[in-house]
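Residues per chain, in single letters:
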Amino acid sequence: MKIGLEIHVQLPTKSKMFCSCPTTGTETVNTHICPGCLGLPGSRPSLNKKALELGLTIAKKLKCTIPETTWFSRKTYFYPDLCKHFQITQHDTPIGFDGVFYLGKKPIRIARVLLEEDPGKIKRVGNGSSLIDYNRSGIPLTEIVTEPDLSSPSEAREFLSELLTEIKSTIGLTDSGERNIRCDCNISVGSERCEVKNVTGLKNVETCLKYEAVRQTKLIKSGGKIERETRHFDEAKRVTTSARKKEFEADYGYIGEPDLGIYHVANMAKSIELCESPLIMIDRFQKEYGIDEKIAKQIVNTSIELAKLFEKIAKITDVDTAQTWIMGTISANWKSFEKNFEKYDDIVTIISKFYKGDTTDTQCNLELKTLMTGVSAEKAASISADLDTIINKIIEDNPSFLIDYRRNEKAFNWIVGIIMKQTRGKYSSENIISAAKKLIEERL
Amino acid sequence: MNVNNITTINTTYRMFSAFTDKIESDAKFTFSVSDNLTSKSFETSAGSKILEGYRPPFDSTTIRRMKDVGGFLMGKTNMDEFGFGTFSVNSAFGIPRNPFDIERSCGGPSGGSACAAAVFDHVSLGTSIMCPASFCGVYGLSPSYGRVSRYGLIDCGNSFDRIGILSFKASALREYLPIIVGKDVHDPTSMIQPDLKLGGKKMCAVAVPKQIIDNKKVSKGVIESFNRSIESLKSIGIDVEYVDIPTLEYSVSVYSIIATSEASTDLARYCGMRCGPQDGDYTLKFDDYFTSFRSQYFGDEAKKRILLGTLIRMAGYVDKYYNKALRVRESIIADYKRQFERFDAIITPTMPFISPKFDDVSKMSTLDSYKSEFLTATPIVTGMPHLSVTCGYSEGMPIGLMFTSDHWNENVLVDMAERWDCSFDVKHAEVNA
Amino acid sequence: MNKEIVKKTACVAHIALTDEELDRYSTDLDEMFRYFEILNDAPEIKNHGFNPVEIADVLRDDVPLMEIPSEDCIADMKTYDGYIKGPRLL
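Protein chains in written order, with my numbering: chain A, 2 to 445; chain B, 2 to 434; chain C, 51 to 140.
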């Protein structure tokens, strides 16, 4: 049995792939849309740098060859969720090709890694019209295509699970419900293969492959012939059915996307540093620093940044000192510190002063706490800075607010309400109103 | 500025698909644009029924930039559907008539714009403006590919399309070019341009490709006028030399292949959903629904180019035609670049004949009309800036002379237009309203 | 030009042709393709982009921004309950 997977992963960018619409934060249909992701006449794509970087990071992680230059192509087909009736994808120069991923000791070859835009989402309605939400239109996707190296449905599931764990840690993808993973599954038990499109979730992938394996085996045994075709997976009935419309690769009529130009990705990829995967890091910490597995796990699983900090401190002091402070005061105050990464190096400085004997244990502890929580003599100043940060975040989390505000200043009351609610009486309404006014004006 | 009787004038010349005669009193100047530039104040249909009634939610960058300096958009001009044509007869909302003879074509695709520039003596913006400039006897400047943002330009061929300036006054080029050029984050292809610097270098030496003159495709009247222009150029101190540019003959094919491939994907989006007419039967299956709209609302030339482009993109054709054309385009560019090591511009007539009568246009075959662009095709294919100036008249109709300069060298063209204007007596058409 | 090819192309392009159109377009396309044969002998440069000037490495920072109100963008569209209406799928 031969199984190959095409895995689509939504990339965790803040804005869409070819336009600036936000990728998250709305539950209302057709609100995060613009002429670009609606394909309105005269709109143009503009590539999100972060999407390209994340794609290259994945390609590198999967040990792909990165081409000197890459470009995008138009894949033309007609479907109501695809606004322009062509998808901007990659055809002849994927950002990565000829990679490999080890499932235990078994190499699973990666044929290519490419970038493309997601179409909108269709809500089917009876036999009447279709209804479409274009919020998803233009969300960046990476497609990872394997060679048919997987030999059973359970192995496919295991592969998928490990691959996704790796990728998630590589690109910082969290398990929030808004981003999903979809698979096209190719399977053959004989000489001809079938493709089951758009299967969501690990469990469904395994179920659908099992069903297909049985179906194809039975068909061959009874003297039938497997026809090369596209099939759909019915999640409720747990069966695959033949898709009525056959799609032929030849009909997509790929041409280069002239509105974007080309990208020198080999150079770009060189400057991307891969972070170590958590599993490897835990393993290395034990070997390199001789610390307990339990402690290594605790540090790495708290945060990769904490683990990196541990290494920095261990380097300029010693492992014991690093372990004591990391597991003690630093871990205890990590949550409040997490948003102050620019002060990262200050922690190292404070501990090195202690290590040299310039400060006492108590002094060091106090300095760390002050730095990490930001509560100190400069409390007042920092609190107002905090208020600015909170307001800025609220404005950014609600991208439609500024538009509403431009039209109707009453929207201001709404945002003040949100700020009050979030700060729970920490600031006076006077302070909130004046700070919010100032920050909003700055953005207009 | 003759704007008091626009309605009457438009009844005669049909340059506008939409216009207003309520000019804002504080407007510094009026202008018009071809109907493939999106505008909030007018419906935008690009000359096509499939976009009839479409109201874009944004102004194209060029319109916005013109408005920002006090310009007032007076109207949208009639054009060949999506830019598909050479005579503006493929226009769904009125065929513009030549200001020198209303029985003749304004040229295409942006015929209405050249007509408006000639009749209203204001600046008009359009795409592929060489032929219209030549036929209507106005100055036309098409800047380098990537010089003017295409944000808000409805596509005809993404790797060729350019917005240019049409005006009866040579001085308008220097005045308006700096307004519409410049980087625009909404169009990545505009982001690599060097700054526009007007002034400085002047045109000293020009080349005439031998192929153009020898191949007998150019009418006698045009050749005579062109030869006289060469003498005029020499008389103002410009060296003229005949050169061999063999790749020229490939330009029409390269253009037709790449442009229709691109257009056939650009036009896939028009289907009775999202914009334009959407009054179909939603219970039809999507394939049938889309097909019914596209068959009903696309005009003849659009259908033809969609078919040609779709077929070229198919397996068995794409390598032989599309990929080949991309490689040949590079060699045409290289050939022209070589000339620019010695010359400031390459000159040819703009069109091989004067504006034809509408009766004669209807007799032309598809290939004949594509081939009539054999002089303009090269600057379009190479993405190089080019200028058309009126250099003579035959049967009372204007004849165009075209200068093509190297990428980003609009400055020599702007300067040339002004020098030409000093030495040549450009005639105004007599407007009958 | 084989009419079957033109028919198939029209189907892919979602355009229905009348018999008259099929005849005429087949002739036109045939004429065009014969003209394109001129390219067989044309010199070429292998390294090509998709634009006549090199457009390279133009990227946008990942900053969410909405410049046009979403309701303006769909003002002309047929909607139902906020969704855009489209034709039947199956």
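Simulated from the structure, these hints should not be mistaken for lab results.
Treat the hints with caution; some may be incorrect.
[Claimed, not checked] Residues of chain B placed beyond 10 angstroms of chain A at every Cβ, according to the derived structure:
hint	residue
1	THR9
2	LYS218
3	GLU263
4	MET315
[Unchecked claim] Now the in silico label distances, taken between C-beta atoms and shown as ranges:
hint	chain 1	residue 1	chain 2	residue 2	range
5	C	ARG74	A	TYR78	48 to 56 angstroms
6	A	VAL126	B	LYS23	39 to 47 angstroms
7	B	ASP320	A	VAL215	48 to 56 angstroms
None of these values were measured; they are calculated from a predicted model.
Every residue gets a Cβ at the ideal spot worked out from N, C-alpha and C, and that includes glycine.
Comparing the hints with the structure gives:
1. THR9: Check passes; 31 angstroms lies beyond 10 angstroms.
2. LYS218: holds, 29 angstroms
3. GLU263: violated, 6 angstroms
4. MET315: violated, 6 angstroms
5. C:ARG74 / A:TYR78: 48 to 56 angstroms: Given range 48 to 56 angstroms: violated, Cβ gap about 27 angstroms.
6. A:VAL126 / B:LYS23: 39 to 47 angstroms: holds, 45 angstroms
7. B:ASP320 / A:VAL215: 48 to 56 angstroms: violated, 41 angstroms
When each numbered hint is compared with the structure, violations occur for hints 3, 4, 5 and 7.
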